[in-house]
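Residue strings, one per chain:
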Amino acid sequence: MPRRHLIIGGGTAGMNAMRTIREEEREPSEITLVSAERPYSRMVLPYYLDRSIAENHVYTATAANLAAWKVKALIGRRVTALDTQAHAATLDDGARVEYDDCLIATGSSAARAPVPGADGRAVHSFWTLEEARGVLTSVTPGAHVVMVGAGFISFTILNSILSLGAKLTVVELAPRILPRMVDTAGAELVERWLEAHGVSVRTNVKLAKIEDVKGRKRLSFSSGPAITADAVIMATGIRTNLEWLKGSGVKTNRAVVVDDHLRSSVPNVYAAGDVAEGRDLISGQPAVHAIEPTAQEHGRVAGANMAGKDVRYRGSLIINIVEVCHLDAASFGAWDDERAEAMSATKRDRNAYRKLLFTGDRLTGAIIIGRSNDIWTTNDVGMLKGLVQSGQPLGRYKEHLRRNPFDVKTAFVAARTTSTLLPETVLGRPSMAPGDTPVAV
Amino acid sequence: MKVLKLTPERCTGCLRCEIACSYMQTGAYQPAKSVIRVSPFEGHTSYAPYTCTQCAEGWCMTACPVGAITINGAGAKDVVDDQCVGCKLCTIACPYGTMFYDTGTRKAFKCNLCGGDPACAHACPTAAIEYVEAATEDWIGPFAHERVEYVLAAEGAR
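Sequence lines, in order, name chains V and F. The first sequence runs 38 to 478 under my numbering. The second sequence runs 55 to 212 under my numbering.
There may be inaccurate statements among the hints.
Mimicking SDA-like on lysine to any residue, the simulated pairs with C-alpha atoms at most 20 Å apart in a straight line are [unchecked claim]:
1) F:K56 / V:L459
2) V:K435 / F:E209
3) V:K446 / F:E191
4) F:K87 / V:I412
One side of the interface only, derived from the structure: several residues of chain F facing chain V at Cβ under 7 Å [stated by the list, open to error]:
5) T80
6) G81
7) E111
8) P119
9) G121
10) P149
11) F154
12) V186
13) A188
14) A189
15) D192
16) I194
17) A198
18) V202
19) L206
Since the hints were derived computationally from the structure, they do not count as laboratory data. Even glycine gets a Cβ: it sits at the ideal position worked out from N, Cα and C.
Model the full structure from these sequences, guided by the hints.
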């Protein structure tokens, strides 16, 4: 009897696992995919929002793709309970799916600030495709949009909202914008840039309530003046979709606890992506990253192991980048590690900022901000990632970087970082192109 | 697979590779749009070209959320323009710093070995860039190491 794989969740982690199973398996297996939504990429929703791509561009698999990959897709369904003793999942329509191994990849959902009016008319989250459609109807030329929360999610759609001709105000509870992505100096630079591009920014403000006043929305705060707007977008964090696992016996902490093979406490149950708490590459500690690259790597490693390979995962590196009004801001690894030795520099005339964090002579974290049309910003973004990922000992190049924090390439190349990176692969083999997933095995 | 073999000792810093590359990749004779980059060492007395290694992992390709980076007939990782949305995930995923982003087209671009006939190798007058059957390696690391070490030692850096 062919092995029966059950994948719960059709996001990045689930789809990567599914494709990797097909790439790795030696004997045909059965794959069942249970997904509440038709598989799409959350990363590209901002481009759907600004209408630079059509809705069909966001999908990561068509029905024909799934059929070619011989995946039994139960779309629009949710798993309500997992019986890890009987190796079976119960769906919301009462159906029961038995499995030999299973992947939990149910991701996370948008959480709204718990204030009166948070669930009212013209108050949106921006997380799912359905929510993106809602934002699309609300953001019209000349409309005043207030974004509650100045984190990664709100910054990914900032350009889209401006390009739709709306006027934008960003409010943030923390003392600075992008509090989980850049440090205070970096945040100040980005904030000045935003103000110069017509975006109002208010930090250190706590939303108290949202009311309907004469067909518009009025946001009141615990201090400072109220704001009247046409639409509100709540980008106030996400929560892990774990509730349905109650009673399953799968050990959870902030998310499903997984080992270096992405296995949960139940040996034939794996977890990947936002719903998994796996090893952080830099700290070595369990962490929930909730970022696309971690979901992708988790999914591939879990898929390979479900297909019978023995792939150990080194851990995930936090990497984030956002572009706002043609200014790039990116950070890597332990960019906020207070024990690390930090060196930073600013080029005010070019709106550029670098912060390098060293542990010994290895780079363990970095922040980089610069204009998108500054080629070296883009190239240095990659090289900083390479230095953090490889942990290449930098020897005297560390001192070179202290004196010249913008001369990343010289240190990267001369430290022979490339030779350390070249043998590195996630699955212990060259990757296959996305279009080369084996069909009809 | 044929790769771009770089021999920095032969590079004169003439930038013909950058000009040829930018023309092939974007239609403009504009080194700023080249995906092979020549860097100076030892105060502009020696030079080395640097470009995508077409690494085995293909960090750009596996990171792309919409499958817009694929492997072309030459074995190079190649951006499919119609699919790329410009999210820049590939630019932070590539640990070599060899992804580029065009602010005009709002798309990522990179070395695709010109589909198997790389313009940079044709343009190089000293065979510092050759397109040959070889295993890829850190072509310029040892060269750069020697020259930078020398300069840093002279500066007294420890």
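Here is how each hint holds up against the structure:
1. A threshold of 20 Å between alpha carbons decides the hint, and for F:K56 with V:L459 the separation of about 16 Å falls inside it, so the pair holds.
2. The suggested pairing of V:K435 with F:E209 holds, with an alpha-carbon distance near 14 Å, which does not exceed 20 Å.
3. Proposed proximity of V:K446 and F:E191 is supported: the alpha carbons are some 17 Å apart, at most 20 Å.
4. Proximity of F:K87 to V:I412 is assessed by CA-CA distance (about 9 Å); at most 20 Å being required, the pair is judged to hold.
5. A hinted interface residue such as F:T80 counts as satisfied when its beta carbon comes closer than 7 Å to some beta carbon of chain V; here the least separation is about 13 Å, so the hint is violated.
6. Because the smallest distance between the Cβ of F:G81 and any Cβ of chain V comes to about 18 Å, over 7 Å, the interface hint for this residue is violated.
7. Nearest Cβ of chain V to the Cβ of F:E111: about 4 Å, under the 7 Å cut. The hint holds.
8. The beta carbon of F:P119 comes within 4 Å of a beta carbon in chain V, closer than 7 Å, and the hint placing it at the interface holds.
9. Hint status for F:G121 relative to chain V: holds, with the closest Cβ pair at about 3 Å, below 7 Å.
10. About 3 Å separates the beta-carbon of F:P149 from the nearest beta-carbon of chain V, less than 7 Å, and the hint is met.
11. Look at F:F154: its Cβ gets to within about 6 Å of chain V, closer than 7 Å, so that hint holds up.
12. This hint is violated: F:V186 has a C-beta 17 Å from the nearest C-beta of chain V, more than the 7 Å allowed.
13. Residue-level restraint check for F:A188 is violated (minimum Cβ-Cβ distance to chain V is 13 Å; threshold 7 Å).
14. Taking 7 Å as the C-beta contact cut-off toward chain V, the hint placing F:A189 at the interface is violated, the least distance being around 9 Å.
15. This hint holds: F:D192 has a C-beta 4 Å from the nearest C-beta of chain V, less than the 7 Å allowed.
16. Hint status for F:I194 relative to chain V: holds, with the closest Cβ pair at about 6 Å, below 7 Å.
17. At about 4 Å, the closest approach between the beta carbon of F:A198 and any beta carbon in chain V falls short of 7 Å, and the interface hint on this residue holds.
18. Hint status for F:V202 relative to chain V: holds, with the closest Cβ pair at about 4 Å, below 7 Å.
19. The beta carbon of F:L206 comes within 5 Å of a beta carbon in chain V, closer than 7 Å, and the hint placing it at the interface holds.
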